[in-house]
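Visitor: Sequence:
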Amino acid sequence: MRGLSLKHESGQAAVECAFLIPVVLLLLMLLIQPGIILYNHTVMKAAASEGCRLLATKNDASTDQSSYEDSIRRHLGSIPQQENFHVHQSGCSWSITLEGNEESDSVKVSIENQLELLPFFDFAAQAMGLTNASGYFVQRVEVQRETYSSWIKESEDGINPNGWVHRDDGLLEGVS
1 MRGLSLKHES
11 GQAAVECAFL
21 IPVVLLLLML
31 LIQPGIILYN
41 HTVMKAAASE
51 GCRLLATKND
61 ASTDQSSYED
71 SIRRHLGSIP
81 QQENFHVHQS
91 GCSWSITLEG
101 NEESDSVKVS
111 IENQLELLPF
121 FDFAAQAMGL
131 TNASGYFVQR
141 VEVQRETYSS
151 WIKESEDGIN
161 PNGWVHRDDG
171 LLEGVS
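Numbering (our numbering), first residue to last: 1 to 176.
Honestly, the hints are just simulated from the structure, not real lab data. Some hints here could point you the wrong way.
The calculated lysine-lysine pairs, modelled on DSS-like cross-linking and capped at a C-alpha distance of 27 angstroms, are [to be verified]: (1) 58 / 153; (2) 58 / 45; (3) 58 / 108; (4) 108 / 153; (5) 45 / 108.
Because the structure is a prediction, the values reported are computed rather than measured.
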């Protein structure tokens, strides 16, 4: 009887493998989707931070903002134009909002992205109401920075660069 039982268990490894492969693939997929969302968030946050640094140097409120948006879009170009990263079917779906200039107390950049979730995630997100009317997941990043550091604002020359350059040389010792 012992010899017969070994012959009937010869396909056990194949059955275990057939069960284990879908489980491993599902676990892999559970790791991929959060990785995609985290990658998008990181790139969007870096692009928004760079946009804030650029806006802090913008000297005229009436200046066209397209050059600032183009710079941010170049940074966002590192996100693949594949629908699980960024929907790019009928034109670009990036929504970029810029607020402020060098005369403002702070500048703010908001970026919005749409992406198609992987299977299982899309069903769960739709069931929880996390998708928009098109069925895409919307990812938002907002970065706000002070235009000038507090030590610059509190200095005797203030935020006027001419005050920094044209100082009274009589204040220096030994200069007459």
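Visitor: If a hint holds in the structure, say so; if it doesn't, say that too.
Guide: Now for the hints, and whether the structure bears them out:
1. 58 / 153: holds, 18 angstroms
2. 58 / 45: holds, 20 angstroms
3. 58 / 108: The hint holds at about 13 angstroms.
4. 108 / 153: holds, 19 angstroms
5. 45 / 108: Holds. Residue 45 to residue 108 sits at ~12 angstroms (cutoff 27 angstroms).
Violated hints: none; the structure is consistent with every hint.
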